[in-house]
Every structure is written in structure tokens, then in C-alpha cells.
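> Can you build the whole structure from these sequences, using the hints too?
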Amino acid sequence: MNRTISCTINGTERTLEVEPSEKLSSLMRRLGLKSVKVGCNEGCCGTCTVLVDGRTVYSCLAYAASVDGRNVRTVEHLGSIDRPNPIQQALADEGAVQCGFCIPAMVLSAEELLEKNPRPTADEMRKHLDGNLCRCTGYEKIESALMKLAGKEEDV
Amino acid sequence: MKRKHQVVGHSVRKIDALSLACGKPMFVPDLVPPGALHVKMLWSPHAHARITSIDTSVAEAMPGVKLVLHHGNVPRVAHTTAGQGFPEPSPYDTFMFDHKVRFVGDRVAAVIAETPEQAAAAVGAIKVEYDILEAVLDPHDADREGAPVIHDQPETHVPIPVPYEPEKNVAARVGMDIGSIDDAMAAADVSLDHTYATHYAQHVPMEPHVAFAEPANDGRITIVTSTQVPFHVRRIIAQTLEIPVRQLRVIKPRIGGGFGVKQEILLEDVVALGAIRTGRPVYWKYTRAEEFISARTRHPIETRLRMAATKDGVVTGIGMDCLSNTGAYGSHALTVVCNAGSKMLPLYRSPNIHFTGTAVYTNLPVGGAYRGYGATQSSLAVECMVDELAEKLGMDPLQFRLKNHIRSGETSPVFRALGEGKAGVEQSIGSCKLEQCIKLGAKEIGWRRRGRPENKKGRYRTGIGMAALMQGSSIPEIDMGAASIKMNEDGSFNLLMGATDLGTGSDTVLGQIAAEALSTTIDKILVYSSDTDMTPFDVGAYASSTTYLSGSAVRNCAEKVRKQILKVAASMLDCKVGELAIADAMVAKKDGTASVSFADVATHSMYASDQHQIGDMSSHITHKSPPPFSAHFAEVEVDTWTGAVKVLNYVAAVDCGTAINPKLAEGQTEGGVLNGISFALTEDYRFNSRGVMQNASLMHYKIFSMRDKPPIKTILVPSYEKTGPFGAKSVSEICINGPIPAIANAIYNATGVRLYRSPFTAETVWRALAEG
Ligand code: FES
Ligand code: FES
Numbered sequence: 001m002n003r004t005i006s007c008t009i010n011g012t013e014r015t016l017e018v019e020p021s022e023k024l025s026s027l028m029r030r031l032g033l034k035s036v037k038v039g040c041n042e043g044c045c046g047t048c049t050v051l052v053d054g055r056t057v058y059s060c061l062a063y064a065a066s067v068d069g070r071n072v073r074t075v076e077h078l079g080s081i082d083r084p085n086p087i088q089q090a091l092a093d094e095g096a097v098q099c100g101f102c103i104p105a106m107v108l109s110a111e112e113l114l115e116k117n118p119r120p121t122a123d124e125m126r127k128h129l130d131g132n133l134c135r136c137t138g139y140e141k142i143e144s145a146l147m148k149l150a151g152k153e154e155d156v
Numbered sequence: 157m158k159r160k161h162q163v164v165g166h167s168v169r170k171i172d173a174l175s176l177a178c179g180k181p182m183f184v185p186d187l188v189p190p191g192a193l194h195v196k197m198l199w200s201p202h203a204h205a206r207i208t209s210i211d212t213s214v215a216e217a218m219p220g221v222k223l224v225l226h227h228g229n230v231p232r233v234a235h236t237t238a239g240q241g242f243p244e245p246s247p248y249d250t251f252m253f254d255h256k257v258r259f260v261g262d263r264v265a266a267v268i269a270e271t272p273e274q275a276a277a278a279v280g281a282i283k284v285e286y287d288i289l290e291a292v293l294d295p296h297d298a299d300r301e302g303a304p305v306i307h308d309q310p311e312t313h314v315p316i317p318v319p320y321e322p323e324k325n326v327a328a329r330v331g332m333d334i335g336s337i338d339d340a341m342a343a344a345d346v347s348l349d350h351t352y353a354t355h356y357a358q359h360v361p362m363e364p365h366v367a368f369a370e371p372a373n374d375g376r377i378t379i380v381t382s383t384q385v386p387f388h389v390r391r392i393i394a395q396t397l398e399i400p401v402r403q404l405r406v407i408k409p410r411i412g413g414g415f416g417v418k419q420e421i422l423l424e425d426v427v428a429l430g431a432i433r434t435g436r437p438v439y440w441k442y443t444r445a446e447e448f449i450s451a452r453t454r455h456p457i458e459t460r461l462r463m464a465a466t467k468d469g470v471v472t473g474i475g476m477d478c479l480s481n482t483g484a485y486g487s488h489a490l491t492v493v494c495n496a497g498s499k500m501l502p503l504y505r506s507p508n509i510h511f512t513g514t515a516v517y518t519n520l521p522v523g524g525a526y527r528g529y530g531a532t533q534s535s536l537a538v539e540c541m542v543d544e545l546a547e548k549l550g551m552d553p554l555q556f557r558l559k560n561h562i563r564s565g566e567t568s569p570v571f572r573a574l575g576e577g578k579a580g581v582e583q584s585i586g587s588c589k590l591e592q593c594i595k596l597g598a599k600e601i602g603w604r605r606r607g608r609p610e611n612k613k614g615r616y617r618t619g620i621g622m623a624a625l626m627q628g629s630s631i632p633e634i635d636m637g638a639a640s641i642k643m644n645e646d647g648s649f650n651l652l653m654g655a656t657d658l659g660t661g662s663d664t665v666l667g668q669i670a671a672e673a674l675s676t677t678i679d680k681i682l683v684y685s686s687d688t689d690m691t692p693f694d695v696g697a698y699a700s701s702t703t704y705l706s707g708s709a710v711r712n713c714a715e716k717v718r719k720q721i722l723k724v725a726a727s728m729l730d731c732k733v734g735e736l737a738i739a740d741a742m743v744a745k746k747d748g749t750a751s752v753s754f755a756d757v758a759t760h761s762m763y764a765s766d767q768h769q770i771g772d773m774s775s776h777i778t779h780k781s782p783p784p785f786s787a788h789f790a791e792v793e794v795d796t797w798t799g800a801v802k803v804l805n806y807v808a809a810v811d812c813g814t815a816i817n818p819k820l821a822e823g824q825t826e827g828g829v830l831n832g833i834s835f836a837l838t839e840d841y842r843f844n845s846r847g848v849m850q851n852a853s854l855m856h857y858k859i860f861s862m863r864d865k866p867p868i869k870t871i872l873v874p875s876y877e878k879t880g881p882f883g884a885k886s887v888s889e890i891c892i893n894g895p896i897p898a899i900a901n902a903i904y905n906a907t908g909v910r911l912y913r914s915p916f917t918a919e920t921v922w923r924a925l926a927e928g
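Just so you know, the protein sequences line up as chains A and B, in that order.
The first sequence stops at residue 156 when you use the working numbering, and every number in between is there.
The second sequence stops at residue 928 when you use the working numbering, and every number in between is there.
Calculated from the structure, these hints are not laboratory results.
Computed from a predicted structure; not experimentally measured.
Ideal placement from N, C-alpha and C gives every residue a C-beta, glycine not left out.
What follows is a set of in silico ranges between Cβ atoms, one per label pair, in the way DEER data are often shown:
#, chain 1, residue 1, chain 2, residue 2, range
1, B, Lys858, A, Leu61, 15 to 21 Å
2, B, Asp287, A, Thr15, 54 to 60 Å
3, B, Asn844, A, Gly54, 41 to 47 Å
4, A, Thr121, B, Gly748, 55 to 61 Å
In silico negatives: residues of chain B with every beta carbon more than 12 Å from chain A:
#, residue
5, Asp730
6, Thr798
7, Glu919
Just a sample of chain B residues kept apart from chain A, beta carbon distances all over 10 Å, derived:
#, residue
8, Asp333
9, Asp349
10, Arg608
11, Leu872
In C-alpha cells:
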């Protein structure tokens with residue numbers, strides 16, 4: 001039995017039909033939000049991260065139906081190539097984007113942290129991004145990009 | 157040699173970085189056409205068995221099922237899944253489907269259905285009867301008398317004349333001798349003889365293997381795949397499906413990491429045949445568990461190493477005997493074990509050198525190309541033994557390395573003796589800044605404060621260890637890369653090349669080389685790569701070749717185009733080419749009286765007079781494989797109560813020639829180092845007694861996260877390699893080889909206990925400490 005849910009996705013209110021077993025990652029990708037990757041489908045890699053009411057959620061674990069009445073955001077909403085969000089810009093400028101498969105999720109996790117705490121310590125940053133695996137970068141440039149960004153916000 | 161460059165040597169932003177950070181649909185799963193069918197594979201539950209019967213009738217009748225493929229209904233063509241130069245140095249021992257299964261996770265049958273769920277349900281309905289055979293689960297048992305023969309089918313063969321004895325489960329053999337290691341050992345003032353071993357590991361690209369194939373309107377098939385080797389995919393799929401190469405177009409879009417595992421053709425045959433037979437697009441993506449079990453792994457290698465030296469610390473002999481476990485198929489079997497010798501043995505001068513490499517079949521997961529490619533495995537042996545030998549001589553291991561390592565202008569007989577499936581290519585070392593790497597790295601980590609193990613007390617002990625490394629850049633006189641450039645009327649250029657960017661940034665680096673050679677900016681270079689219909693050939697991304705090899709093709713091509721630009725400009729300005737100079741996308745008379753822009757030149761060549769397309773194509777092969785050099789330093793803390801090892805600091809000083817893009821070169825190093833650290837400390841395959849991997853999940857196979865990461869400091873030590881584009885060598889592979897030996901040596905420095913087998917988990921370290 002399909003279920004009808006209403007939610008806000010990237011700023012637009014939507015009414016959607018979902019199967020009870022459908023995962024949120026599948027719904028997102030079905031809607032064309034291809035920034036939501038599925039690296040493991042078992043809640044371990046974080047590449048499927050989305051923001052639900054401002055909090056990061058592994059969309060491969062969450063059911064699509066669970067976002068009924070909620071606000072879901074992905075990086076498609078955060079910035080565009082012409083007007084990137086500062087996190088996207090910082091990662092790109094610092095050379096922190098290698099294959100890029102982990103990066104949209106990384107951006108969302110960083111967004112969640114910086115929204116709450118614009119000046120995190122390196123330790124807070126590392127703890128917060130712990131659920132987002134990256135195999136290419138060794139995290140070094142991701143960390144330095146985000147710490148520079150946090151430092152910059154401090155100056156403002 | 158210092159040269160001034162406008163684009164090369166600058167950390168320009170990776171050209172696809174913002175698109176990727178904005179989540180644009182650029183990966184294979186993002187591009188799947190609507191209405192694609194889905195694949196699910198039935199994998200072998202047995203390590204070694206013959207399929208006596210297979211009944212797919214129930215499965216075929218199930219809802220949504222379009223096709224079931226198995227050994228009874230596909231072409232039977234012996235081939236290798238290894239994407240290497242042709243004819244390959246790997247045995248042709250693989251069939252699309254076979255009536256025998258050789259490891260848990262081998263293919264049995266594929267279901268292609270409307271939905272993944274329908275395909276999975278049908279897989280469960282396939283009835284297979286097996287005649288279970290004795291399995292070889294230990295490489296030491298592989299060539300024993302009476303061992304079961306894993307490849308007993310008559311079609312199996314090697315396409316080039318290399319030693320191959322499948323009846324003994326020997327997939328490859330290689331060796332060389334210079335002088336006599338036995339005499340050197342007998343005459344040595346000090347010598348050591350130990351056996352080291354490295355373990356199974358997987359590449360774990362964040363994106364598992366994924367591909368789709370689609371029937372094109374002209375009756376051909378387009379394969380879009382996450383691969384490092386699009387041209388090898390085209391050739392090998394044409395071979396296995398017995399169709400002409402021209403029937404296929406292979407495209408690599410952005411891919412989510414490779415590290416060697418995508419140098420393997422694992423999915424494309426199924427999706428392509430599926431598309432041919434159903435007339436529909438067919439899509440297949442490995443699950444994470446399938447990536448662990450059925451993709452490729454790092455060959456575990458056991459290395460017996462002998463080293464001899466005089467009492468004043470001069471190496472007189474080095475002997476290496478490697479036993480590599482290639483698993484059920486011989487993919488990269490010969491070349492990986494050969495590289496264990498060829499990449500590490502030349503590092504130290506020695507009058508006596510001995511090497512043998514044997515790769516054996518077992519009924520375990522299959523080895524393949526993995527960043528470092530054999531050198532990762534043998535660096536544990538060589539660099540730990542050098543440390544121990546120095547200690548025995550009462551020398552600082554750092555000084556011992558400085559005294560013995562190969563230098564500019566020197567050569568090694570190993571270069572000529574060991575090639576990839578044939579003799580190697582003689583070369584002398586051009587650029588080598590290993591000494592500076594060692595000195596700068598030592599200073600950065602604080603080598604002087606490392607102390608001696610016997611003076612360290614208490615539960616937590618810290619130690620510092622190092623490793624020296626070398627790799628290569630391309631496979632000389634085998635690999636080829638090509639590029640073409642055409643000019644547009646606004647003065648921009650299309651750079652088309654077969655080179656394959658895995659996320660490494662090679663599109664950017666090669667774009668920078670083109671921009672530099674054409675005296676323009678990177679935004680004027682429109683890079684398009686890895687599409688077998690549109691771009692010229694390239695062997696693909698492996699063997700640390702892209703910057704050095706494909707980069708030279710790009711540079712040569714850009715220089716030809718530059719000459720064409722000058723010629724057109726000379727006719728426009730009515731002067732001789734020699735009177736002109738190019739700078740900043742302008743051609744000007746040297747006397748400063750007149751100039752034309754690139755846009756003027758291109759527009760003129762298209763519309764005004766003597767119309768022609770400004771553009772050219774170049775190919776490049778190399779006659780050298782200049783090694784990058786590196787010195788790695790690890791500082792660790794060992795909890796002597798639990799055996800837990802924590803890396804506190806890591807320094808990698810690397811001589812990669814000119815770093816075309818320093819930030820990307822650092823990023824390569826940092827990524828490789830962390831992968832190496834995690835390989836050294838936590839990653840491992842655990843098998844049960846039937847050869848079944850017990851931890852095929854990121855829950856139980858631990859790769860390092862951001863919180864686990866120690867600070868990693870990269871020091872780029874510039875050198876200038878005359879044969880490389882703008883002085884460049886390579887950087888991608890060397891960095892993964894350091895952590896295993898550097899950490900082992902640091903653990904020794906902390907505790908006084910030497911480790912000979914990886915990984916260094918808390919349990920193995922605790923046991924070694926307990927045994928003293
Ligand atoms: S895909 Fe969801 S955590 Fe990996
Ligand atoms: S950039 Fe490739 S996984 Fe992070």
C-alpha cells in the first residue's frame with residue numbers, strides 16, 4: 001500500500017507517493033536529486049547524507065515516509081556553480097575535492113555544524129564529520145578548507 | 157633548474173571541483189537512462205566446485221525477468237579481466253561464466269529484470285547443483301604434490317611467452333640474479349634473513365563498481381562505466397562477446413575513486429550482452445559486500461628477504477623471494493609480484509642482487525591492481541630490514557639509507573632485468589632528491605628526539621620510524637597515451653584525450669600542461685577525456701603514468717598547435733614566423749609594432765583566407781620510467797597493555813619532479829598516506845574455514861575516518877625530470893607504500909619489538925609484545 005506524504009524538499013512543498021519500504025535515498029534520487037549518493041547502503045559511509053529539519057540523516061537508512069511533514073535539503077539547494085555556498089567554494093579552492101563522490105554529503109555535514117557553531121575547533125570539526133568517509137583525500141584538505149572557512153567567519 | 161611558468165606549478169582550482177561540490181549528476185548511476193533493466197548476480201557459495209546442473213526455468217518465468225545468463229548461453233572465451241597493455245601479461249584463465257567456480261563470490265548466473273527486487277527474487281529461484289571440490293585456502297598448499305588443480309580447463313593459456321604452470325597452480329614466475337646473494341651472505345660482516353608478510357585488503361572506492369550499457373540508435377552499444385581503462389574495456393568486451401570493436405563505444409564519466417580496482421573489467425560484459433539480447437539499457441552496480449568479495453584485492457605477498465652489508469654499512473647483497481597469492485584468477489599476477497622486486501630492489505646499490513617472484517592460485521578472492529602495485533607489499537620487507545640492519549651495525553637507519561640509496565646518474569641492473577612480461581628497459585636515474593626528502597622529513601618529524609627503545613618505560617610509549625621509497629612513472633616502451641587539440645574562434649581549445657581522471661585531477665593537470673604550452677589560461681582549455689568514440693587512445697590511468705606519459709602527449713600536441721598559430725599569425729601580420737612571439741594568448745611582433753589575439757588567429761583561419769582547422773594530434777610512448785622518490789616518517793604511540801597503536805604524526809616528503817599542481821599533488825599524497833595507514837593498522841579480510849569472507853561490510857572492515865586521521869604533513873621537494881612534461885614525474889602511487897614500514901619501525905622504536913606481518917592490529921601487536 002503506497003502512502004502519500006507531504007514535505008518540503010529544497011524549498012518546494014511536495015506531495016509524494018511512496019512505498020512503505022522505500023528508502024529516503026531512493027526517493028531523493030528518483031526526484032532527480034543525484035547529489036545523494038549511495039556508497040554502501042548500510043549506514044556506514046555517509047555519502048547518502050541529507051539534511052532533515054537541519055540535521056544530517058543517512059538517507060539509505062531512513063524511510064522515505066519518515067520525512068512526512070519535514071523539511072529536507074540537499075546540496076542542490078545550497079549552492080550552484082555560479083553561486084556556490086561558502087563551504088562548496090572553500091572545498092573547491094583548497095583542492096579538497098578529488099573524485100567528489102563523498103563531497104556533497106561532506107558539505108551538508110559541515111553546513112549542519114557551521115549553522116550551529118560557526119567557529120568550531122579542529123577537534124569539533126573532526127568529530128562532526130566522522131560519519132562521512134572519504135577514500136581519496138586523507139581528509140587533510142577537507143579539514144584545512146573548513147577550518148579556514150571557520151576562521152574567516154570569525155574575522156567577519 | 158628553475159623555470160618560470162604561468163600555469164604549471166600553480167594550484168589552479170580543479171576544473172570539475174565546483175560541479176562536484178554542487179552535486180551535479182556526473183557519475184554513472186546519475187546517468188542511467190529511464191527504463192533500464194537491473195542485474196543481480198548469483199555468486200558461488202563454494203570455494204571450489206563444478207556446476208553439474210543449473211536450472212533457470214523457474215527464475216525465467218518470474219515477474220519482470222527478461223534474461224538469465226549462465227555458462228550454457230554465453231560465448232566461452234578465455235580472457236583476463238585485467239585492463240593492461242595488449243597482449244596482456246596476465247593469463248587468459250577467465251570466462252564470462254564457467255561450469256566451475258573457483259572462489260566464494262565467483263559468478264554463477266546473472267538475472268536481468270525490470271527491478272532490482274525482481275532480479276534478486278529470481279536469483280533465489282535458480283537451482284544449481286554443485287560437485288564440491290577440495291579447495292586451496294593457503295598459498296603454501298597451492299603447489300604441493302596432489303593439490304587440487306584450480307585451472308584445469310584446456311582453454312587457459314598465456315597470450316605472451318611467460319612462465320605459466322596452471323597444473324601446479326602457478327599463475328606466474330619471474331626472477332633475476334646479479335652476482336651471488338649466497339656468496340654475499342657468506343662473506344658479510346652483518347646479514348639478516350627474515351620472512352615478512354602483507355595481508356588482503358580492498359581499495360574501497362566510495363563508489364563501488366557500476367556500469368550500464370545502452371543500445372544506440374545506430375545499432376551499436378554504448379557502455380558507460382566507472383573504469384580506469386575505457387579503451388581496454390572496449391577491446392576486452394569485444395573479445396569476450398565476440399563482436400567487432402567498432403560495435404562498442406565506451407564512456408567514462410566522473411568516477412567515485414579507483415585506486416587500481418577499476419583497472420579491471422568486471423561488469424561491462426554482463427551489461428553489454430544484456431543490452432544486446434534485450435534491446436534495453438541494462439544497469440548494474442555492486443553492493444558494498446560484492447565490492448569486497450567479488451571485485452579485486454591487494455595480493456597478499458610473503459617475502460623472504462636477505463640482506464648483507466660490510467661493517468661500515470655498505471650493502472653488499474640483497475635477495476628477495478616473493479610468494480604472491482593471486483586468488484582464484486591470475487589478474488595482474490605476474491606484474492604485481494614482479495613490481496615487488498623491480499620497484500624496491502633498485503633503491504639501494506648492491507653488487508649482488510637476487511629476486512624470485514611466484515604467484516600461486518588459491519580458492520580465495522582475486523588479487524588485482526592496487527595503488528603501489530607490489531611495491532607496497534615489498535616495502536614492508538625492505539624498509540624494515542634496512543632499519544634492523546642499521547641497528548645491528550650500530551648506525552642511524554637514516555644515515556644507512558643516505559649512504560646506500562641510488563642517486564642521479566646511477567643505474568641499477570634491475571631496470572633492465574625486470575620488465576612487465578618481458579625484459580625491462582635500461583635507464584639511469586635523472587632527477588633524485590631522496591637525500592633532501594630524508595633530511596627535510598627528519599627535521600619536520602623531529603628524528604633526533606626519537607630515543608632508544610630500551611630507555612622507554614611505562615604503559616604508553618612513543619616511537620618514530622621512517623621508510624625510503626621509490627616507484628616509477630609509466631611502463632616504458634609498453635604504454636601509450638595520445639591527445640588531440642583543436643582551436644575555436646574565441647581562442648579557446650578543445651583538449652581531447654584518452655587519459656582517465658579517477659578523481660585524481662588529471663583532467664586539470666593535463667589542461668594546465670596544455671595551457672602552459674599554448675601560453676593561455678586554464679579556462680580556455682576545454683577538457684574532454686575518456687570516450688572511445690571521441691578521444692584518441694590512451695592505455696588508461698595506471699602505473700603512475702598519466703602526468704608523465706599522457707602529459708607529454710598533451711605537451712607535444714600543444715606545441716604543434718602553437719606552431720600552426722604562429723604560421724597563421726605570420727600571414728596575418730605579413731612577416732616571418734621568426735619575428736613573432738607568443739605570450740598571454742596573443743601573438744606579437746617582437747619589435748612591438750603589431751599583434752593579433754588567439755581569437756583573431758582562429759577566426760582568420762576559419763573564415764578569412766587559407767581556411768583550415770587549427771589543431772593536431774600527438775601520441776607518446778616513454779623510454780624511461782623515472783622514479784619519484786619519497787621519505788616517510790611516522791610517530792606512533794603504543795599502548796603496551798592493549799597493543800593498540802595510534803599514529804600521532806606523519807610526514808611525507810616527496811620528490812615527484814615538478815608538481816604541475818602542488819595542491820593536487822599534496823592531496824594525492826595525503827590520500828595515499830591515510831589509505832596506507834589504515835591498511836597498516838585496521839583493514840583486513842577475515843575468512844572462515846571454507847574461504848568465506850566474514851567481514852564484507854564497512855561496519856566490520858575499518859577504513860579510517862576523519863577522527864582517526866593523524867596530522868599528515870606533505871613536503872614537496874621539487875626536482876626537474878628532463879624527460880617529463882615541464883619536469884614532472886609521478887606522485888599517485890608512491891605515497892601508499894610508506895606507512896606499513898614506517899609504522900612498523902616506529903613501533904620497534906617505541907617498544908623494541910619487531911613486527912614481520914601486517915596488519916598491526918591491537919591483537920597482533922599485543923601478541924608480539926607478549927612474546928617479546
Ligand atoms: S550509503 Fe548511506 S551510509 Fe553509506
Ligand atoms: S573525494 Fe573521493 S571519496 Fe572523497
